[in-house]
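Chain L: place on chain W using the hints.
Those protein sequence lines, which keep their order, are chains W and L.
Note that the first sequence covers residues 3 to 118 in my numbering.
Note that the second sequence covers residues 125 to 236 in my numbering.
Keep in mind the hints are simulated off the structure, nothing from the lab.
Check each hint, because a few of them may be wrong.
The list that follows gives simulated cross-link-like pairs (lysine to any residue, SDA-like), each with its CA atoms no further than 20 Å apart [said to hold, decoys possible]: (1) L:166 to W:26; (2) W:59 to L:218; (3) L:166 to W:46; (4) W:13 to L:166; (5) L:166 to W:89; (6) L:166 to W:82; (7) L:195 to L:163; (8) L:180 to L:142; (9) W:19 to W:82.
Selected chain W positions facing chain L (in silico; Cβ < 8 Å) [claimed, not checked]: (10) 43; (11) 47; (12) 50; (13) 53.
Note that beta-carbon positions come from the ideal geometry of N, C-alpha and C, so glycine has one too.
Each chain, written out:
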Amino acid sequence: GAGVSQSPSNKVTEKGKDVELRCDPISGHTALYWYRQSLGQGLEFLIYFQGNSAPDKSGLPSDRFSAERTGGSVSTLTIQRTQQEDSAVYLCASSPRLSGGNQPQHFGDGTRLSIL
Amino acid sequence: GESVGLHLPTLSVQEGDNSIINCAYSNSASDYFIWYKQESGKGPQFIIDIRSNMDKRQGQRVTVLLNKTVKHLSLQIAATQPGDSAVYFCAENIGSNYKLTFGKGTLLTVNP
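Bound conformation, chain W alone (with noise of 0.2 Å):
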């Protein structure tokens, strides 16, 4: 597709349930990140992969959080034992590389997470 593209748009789960949120990138983008935002804030970064890599993880807010990237294309976040403060919208974009000096990043509609 055009965009980013990310499934499911909507994810109602109950309080300690696994979830798990897909993320495809625009074609030939080899930057893809992920961000957080809950109801009227800003976004809260989580991860980032260049290729299948993610050099950095200090983001993600705790160990129940993961994520991968396979074939330098489609990537998986997965929440574990999901609780109620995890409810948020999940954001992925990606960029044609790392951005930095003039890379913008162009997101995808989000997983709207709810936990019950």
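Below, chain L alone, put in the same frame as chain W:
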């Protein structure tokens, strides 16, 4: 402006007026800035960017001004239209750093 708690700064304008949205950034080492527009239920949409070696950049109906002395960024929208109603975020980036740091956003409402 800065937000307090969950309440976003808001700007309400009449259709056809010019809008100015302000952003104070935090890091004097930031050298690249982006404005995003976010409509309800959508992801942020890139509007315009500017590097720190410039103080003004113009796009279609939009102008970004950068004042590095006071660490201030503004987005001017000419002839504001109802379709411009959205939350606007500024974001900053430092050098080759991969991370964008976002402000909390300003809600723009355009009255017909």
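Status of the hints after comparison with the structure:
1. L:166 to W:26: Holds: residue 166 (chain L) and residue 26 (chain W) sit about 16 Å apart, inside 20 Å.
2. W:59 to L:218: The given pair, whose Cα atoms are some 18 Å apart, holds under the 20 Å limit.
3. L:166 to W:46: It holds: about 16 Å lies between the C-alpha atoms, which stays within 20 Å.
4. W:13 to L:166: The hint holds at about 15 Å.
5. L:166 to W:89: holds (17 Å)
6. L:166 to W:82: Status violated; Cα separation ~26 Å.
7. L:195 to L:163: Violated, at roughly 26 Å.
8. L:180 to L:142: Measuring from Cα to Cα gives roughly 17 Å; hence the hint holds.
9. W:19 to W:82: holds (7 Å)
10. 43: This hint holds: residue 43 (chain W) lies near chain L, its Cβ roughly 6 Å from the closest one there, short of 8 Å.
11. 47: Interface hint status for residue 47 (chain W): holds (5 Å vs cutoff 8 Å).
12. 50: With a minimum Cβ separation of about 5 Å from chain L (threshold 8 Å), the hint on residue 50 (chain W) holds.
13. 53: violated (13 Å)
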